[in-house]
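Residue numbers (numbering that gives the first Met the number 0), protein chains in the order written: chain D, 0 to 89; chain B, 0 to 155.
Think of the hints as simulated: they come from the structure by calculation, not from any bench. Source: prediction; values computed, not measured. Certain hints may be false.
Label pairs and their in silico Cβ distance ranges [as the list claims (entries may be wrong)]:
| id | chain 1 | residue 1 | chain 2 | residue 2 | range |
| --- | --- | --- | --- | --- | --- |
| 1 | D | Val-3 | B | Ser-37 | 29 to 35 Å |
| 2 | B | Gly-89 | D | Ile-67 | 46 to 52 Å |
| 3 | B | Ala-27 | D | Arg-38 | 51 to 57 Å |
| 4 | D | Ser-56 | B | Glu-150 | 35 to 41 Å |
| 5 | B | Arg-47 | D | Asp-24 | 18 to 24 Å |
Here are some of the chain B residues that sit facing chain D, going by a computed Cβ distance under 10 Å [what the hints assert, rightly or not]:
| id | residue |
| --- | --- |
| 6 | Thr-30 |
| 7 | Gly-33 |
| 8 | Arg-36 |
| 9 | His-52 |
| 10 | Arg-55 |
| 11 | Ile-92 |
| 12 | Arg-115 |
| 13 | Val-121 |
| 14 | Lys-124 |
| 15 | Arg-125 |
| 16 | Ser-132 |
| 17 | Pro-137 |
| 18 | Glu-139 |
| 19 | Arg-145 |
| 20 | Trp-148 |
| 21 | Ser-149 |
Every residue gets a Cβ at the ideal spot worked out from N, C-alpha and C, and that includes glycine.
Each chain, letter by letter, is given below.
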Amino acid sequence: MSRVTGGRRIVRIGFFGRLREALGDEREVPDERGETVARLRVRLAALHPGAARDLLSPGVRACVADAIVGEDFPVAGQERVEFLPPLSGG
Amino acid sequence: MSVRLSDEPISDEHELSQFRSGLEGEGAIVTFAGVARSRTPGGEAVDRLVLDHHPRLTSRSLDDIAAAARERFDIAALRIVHRRGAVAPGETIVFVAASATHRRAAFEAVDYMMDRLKTDAVFWKREDGPEGSTWIEPREDDLAARARWSEAPCPE
Numbered sequence: 000m001s002r003v004t005g006g007r008r009i010v011r012i013g014f015f016g017r018l019r020e021a022l023g024d025e026r027e028v029p030d031e032r033g034e035t036v037a038r039l040r041v042r043l044a045a046l047h048p049g050a051a052r053d054l055l056s057p058g059v060r061a062c063v064a065d066a067i068v069g070e071d072f073p074v075a076g077q078e079r080v081e082f083l084p085p086l087s088g089g
Numbered sequence: 000m001s002v003r004l005s006d007e008p009i010s011d012e013h014e015l016s017q018f019r020s021g022l023e024g025e026g027a028i029v030t031f032a033g034v035a036r037s038r039t040p041g042g043e044a045v046d047r048l049v050l051d052h053h054p055r056l057t058s059r060s061l062d063d064i065a066a067a068a069r070e071r072f073d074i075a076a077l078r079i080v081h082r083r084g085a086v087a088p089g090e091t092i093v094f095v096a097a098s099a100t101h102r103r104a105a106f107e108a109v110d111y112m113m114d115r116l117k118t119d120a121v122f123w124k125r126e127d128g129p130e131g132s133t134w135i136e137p138r139e140d141d142l143a144a145r146a147r148w149s150e151a152p153c154p155e
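The shape of chain D in the complex, shown without the other chains (with noise of 0.2 Å):
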């Protein structure tokens, strides 16, 4: 569930690998009623040009509560949603 700062409900946004470089460990940005994925990934990129790339690559998969989720995934209300790019293994 989205925290309540400020009167307003907050998702964090989690990074890893090149973007965590680029972006830091973790955002907090407005939770908008009907967002999806795809939709809070245009938000992003729209925030952080820098990283628009990959933030709007669809080889960097979104992540909810430790499962890989899908394009039209509705993150409004989520807690935490976390932008995983393409493993490079071990």
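Position chain B relative to chain D; hints supplied.
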């Protein structure tokens, strides 16, 4: 079945010794150590390899690979120890061992686990060097090696 993430350098000798101490008379032990290179495939110097990981999915991926090896091969014991964080050239990134009554199963189990680890383990690797940093993309030859191991019979 022992699977562990390590922030500290891995001693291959210590891991082998620990692994052997837990065996029960198996006739074959196979080990593999993946070591951080001092140069990229293009010949540029590497100061360190950095493995970014996920707080839960990384351990889960290693556990899944170990469990699949146990299921698939007639092995008695296995061990996976994997570094995370910064790894210096020459240090072991991953140590894998398997024991079995006969050698073939142990060889195959270690080969399988390494092919899975190279593609399915949840890590993001970056090479840092004097010329800058580069995130490592999935490699075609690793994906091809992973594809050698079928996961299910073909439907009839």
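Outcome of the hint check:
For the pair Val-3(D) and Ser-37(B), the supplied restraint of 29 to 35 Å is violated, since their beta-carbon distance comes to about 51 Å. For the pair Gly-89(B) and Ile-67(D), the beta carbons lie near 35 Å from each other, so the given range of 46 to 52 Å is not met. The supplied range of 51 to 57 Å is met by Ala-27(B) and Arg-38(D), whose beta-carbon atoms lie about 55 Å from each other. Between Ser-56(D) and Glu-150(B), the C-beta spacing of about 26 Å breaks the proposed range 35 to 41 Å.
At about 20 Å, the beta-carbon gap between Arg-47(B) and Asp-24(D) stays in the expected band of 18 to 24 Å. Because the closest C-beta pair between Thr-30(B) and chain D is about 16 Å apart, greater than 10 Å, the hint is violated. Because the closest C-beta pair between Gly-33(B) and chain D is about 7 Å apart, less than 10 Å, the hint holds. Annotation: interface hint on Arg-36(B) violated; nearest CB of chain D at approximately 14 Å, more than 10 Å.
Hint status for His-52(B) relative to chain D: holds, with the closest Cβ pair at about 8 Å, below 10 Å. With a least beta-carbon distance of about 6 Å to chain D, the hint placing Arg-55(B) at the interface is held under the 10 Å criterion. Checking Ile-92(B) against chain D: minimum C-beta separation of about 7 Å stays under 10 Å; hint holds. Below 10 Å, beta-carbon pairs count as interface contacts, and Arg-115(B) has one with chain D at about 9 Å; its hint therefore holds.
About 6 Å separates the beta-carbon of Val-121(B) from the nearest beta-carbon of chain D, less than 10 Å, and the hint is met. With its C-beta approaching chain D no nearer than about 4 Å, Lys-124(B) sits inside the 10 Å limit, and its interface hint holds. Restraint check, Arg-125(B) versus chain D: the minimum CB separation of about 8 Å is within 10 Å; hint holds. A distance limit of 10 Å between C-beta atoms decides the matter here; for Ser-132(B) the minimum to chain D is near 8 Å, and the interface restraint holds.
Against a cut-off of 10 Å between C-beta atoms, the interface hint on Pro-137(B) holds, since the closest Cβ of chain D lies about 5 Å away. Look at Glu-139(B): its Cβ only gets to about 12 Å from chain D, farther than 10 Å, so that hint breaks. Against a cut-off of 10 Å between C-beta atoms, the interface hint on Arg-145(B) holds, since the closest Cβ of chain D lies about 9 Å away. Residue-level restraint check for Trp-148(B) is violated (minimum Cβ-Cβ distance to chain D is 14 Å; threshold 10 Å).
Evaluation of the Ser-149(B) hint against chain D yields a violated restraint, the C-beta minimum of about 19 Å exceeding 10 Å.
Taken one by one, the earlier hints fail for this structure at numbers 1, 2, 4, 6, 8, 18, 20, 21, listed in ascending order.
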